[in-house]
Amino acid sequence: MKRWLIQHREASADALRRLAATPLNTLLGALVLGIAMALPAGGEMLLTNLLDLARYSATTPQLSVFMTLDAGKKEAAEAEARLRKHPLVRNVRLVPREEALRKLKTSEGLGDVIDSLGRNPFPDAFIVVPRAESPEELESMRADFAKFNKVEHVQLDSAWVKKLNALLRLARFTIILLAGLLGVALVAVTFNTIRLQILTRSAEVEVARLLGATDSFIRRPLYYFGALQGLAGGVVAWLLVFAAALLLKGPVGELAALYGLEFSLSALPLAESLLLLGAAILLGWLGAWLSLRQNLRAGETA
Amino acid sequence: MIQFEQVSKRFPGGIEALAALNFTIEAGELIVLSGRSGAGKTTLLKLIPAIERPTHGSVTVNGQNVAALKRAGVPFLRRKLGLVFQDQKLLFDRNVFDNVMLPLAIAGESPREAARRVRAALDKVGLLEREKAMPIALSGGEQQRLAIARAVVNRPAILIADEPTAHLDDDYARDIAGMFRSFNQVGVTVIVATHHDALFAPFMTRRLTLEQGRLV
Numbered sequence: 001m002k003r004w005l006i007q008h009r010e011a012s013a014d015a016l017r018r019l020a021a022t023p024l025n026t027l028l029g030a031l032v033l034g035i036a037m038a039l040p041a042g043g044e045m046l047l048t049n050l051l052d053l054a055r056y057s058a059t060t061p062q063l064s065v066f067m068t069l070d071a072g073k074k075e076a077a078e079a080e081a082r083l084r085k086h087p088l089v090r091n092v093r094l095v096p097r098e099e100a101l102r103k104l105k106t107s108e109g110l111g112d113v114i115d116s117l118g119r120n121p122f123p124d125a126f127i128v129v130p131r132a133e134s135p136e137e138l139e140s141m142r143a144d145f146a147k148f149n150k151v152e153h154v155q156l157d158s159a160w161v162k163k164l165n166a167l168l169r170l171a172r173f174t175i176i177l178l179a180g181l182l183g184v185a186l187v188a189v190t191f192n193t194i195r196l197q198i199l200t201r202s203a204e205v206e207v208a209r210l211l212g213a214t215d216s217f218i219r220r221p222l223y224y225f226g227a228l229q230g231l232a233g234g235v236v237a238w239l240l241v242f243a244a245a246l247l248l249k250g251p252v253g254e255l256a257a258l259y260g261l262e263f264s265l266s267a268l269p270l271a272e273s274l275l276l277l278g279a280a281i282l283l284g285w286l287g288a289w290l291s292l293r294q295n296l297r298a299g300e301t302a
Numbered sequence: 001m002i003q004f005e006q007v008s009k010r011f012p013g014g015i016e017a018l019a020a021l022n023f024t025i026e027a028g029e030l031i032v033l034s035g036r037s038g039a040g041k042t043t044l045l046k047l048i049p050a051i052e053r054p055t056h057g058s059v060t061v062n063g064q065n066v067a068a069l070k071r072a073g074v075p076f077l078r079r080k081l082g083l084v085f086q087d088q089k090l091l092f093d094r095n096v097f098d099n100v101m102l103p104l105a106i107a108g109e110s111p112r113e114a115a116r117r118v119r120a121a122l123d124k125v126g127l128l129e130r131e132k133a134m135p136i137a138l139s140g141g142e143q144q145r146l147a148i149a150r151a152v153v154n155r156p157a158i159l160i161a162d163e164p165t166a167h168l169d170d171d172y173a174r175d176i177a178g179m180f181r182s183f184n185q186v187g188v189t190v191i192v193a194t195h196h197d198a199l200f201a202p203f204m205t206r207r208l209t210l211e212q213g214r215l216v
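Chains as they are written, first to last, in the working numbering: chain A, 1 to 302; chain B, 1 to 216.
Derived from the structure by calculation, the hints contain no laboratory data.
Warning: the hint list may mix true and false statements.
What the hints assert, rightly or not - Here are the simulated SDA-like pairs of lysine to any residue, each with C-alpha atoms no more than 25 Å apart in a straight line: (1) B:132 - A:294; (2) B:70 - B:132; (3) B:132 - A:17; (4) B:70 - A:220; (5) B:70 - A:23.
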């Protein structure tokens, strides 16, 4: 056990020494890996922020129920009673057609237009706050209400959230695809680095084998090399995303304010950061594994 | 300690390097292996640490038939042997100290204990003052002594050297021969393949002479 620990410490120290011995190569390698990983990581950061935004803006979905224009007060009262009895309804507010007209008249510039119409173009309407949140339940409510007597149209006000969510799902899929592709690139880069390392070390590998080194002894520092290079790339990616978040914070805040939204861009949270670094290490290790399998012959006795 | 039974080695292409060798080396011997270039000395020595495998026969080291040893067992066999190679196989990208350190790092020795043993080995071959030097900066004789220090740092019971005095002038060669003698005096079994029979003759226990792959 003690020997095992010593060997791992020596192997990781050896890998670090070799990375430090060629600082320019190490730096360039880390940059290549970092930029490759920063693309999906940055996309994920933006997406996470957008999801937060969508969640805050759509906490309470609403249904607007419009009566037909010829519906009278009696039909409206009937519909209201039925709405209130519906098990999924939390709250119903009547917006009488007169109130709707008055509201619009006070809006800038529209007063004259409304006056020229001669009659009230608005129907009575209800704003219904549901207990349900799932899209399926909301959809079934919409269908129920549409069947009521003298109901012209039921509008699900969270429809835009649905569309946004669909869009975001698409974005997430794209990011996963991108991450997969760039992950392959990362493995390929590490594969090549380790191949070069094996070539540089061929004398050492030969001598070590002659002196009784096991395959694990020879491979161990190279696994560490791949994993450490991956980690360095992960750190670069994290810094890039962090810097981008910092730079975008101001402009995005201003944009959000224009739309009346309380929104501030945040960098990758801890869990995602750890995931990024973990994936970077794992991919580096995988590249090393593939390269060692391919390029370090284990067969011969010498 | 080492036993060859009906050992022959044929290389691809039908060249027979060794044919039907039978001999036993007892613990504590100092064996000189002589013969012309191409007589099979190097091949014979390579069979002991399983660098080469015999085509027929068995090579027994410490009761273990290394001819049939599984690949995974080979490293542990080699760690018990001290090997001085014909071409020395020093690593020129690291200093004297780190060259001698390699076998101990392979064995997973703790760095503190390893450093102590490296210095002890360097002291024995008279290179203690040069531990920071790079091998390229050493003379031929010093490089050979470095190779010997690396071979003995694991305190092997068997020391195998292939032409350790080649390319050295007489004084250096005598120096090296004396070192093998002193290792033998403390109980190490030594096998030396050499052209310099005369250097080792005064203290060898036996001479094995190869001629075209056969003992004569």
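Comparing the hints with the structure gives:
Note on residue 132 (chain B) and residue 294 (chain A): the hinted pairing is violated, with a Cα-Cα distance of about 36 Å set against a maximum of 25 Å. About 38 Å separates the Cα atoms of residue 70 (chain B) and residue 132 (chain B), which puts this hinted pair outside 25 Å; it is violated. Proximity of residue 132 (chain B) to residue 17 (chain A) is assessed by CA-CA distance (about 18 Å); at most 25 Å being required, the pair is judged to hold. For the hint pairing residue 70 (chain B) with residue 220 (chain A), the CA-to-CA distance comes to about 22 Å; that is within 25 Å, so the pair holds.
Using a Cα cut-off of 25 Å, the hinted pair residue 70 (chain B) and residue 23 (chain A) is violated, with the two alpha carbons roughly 41 Å apart.
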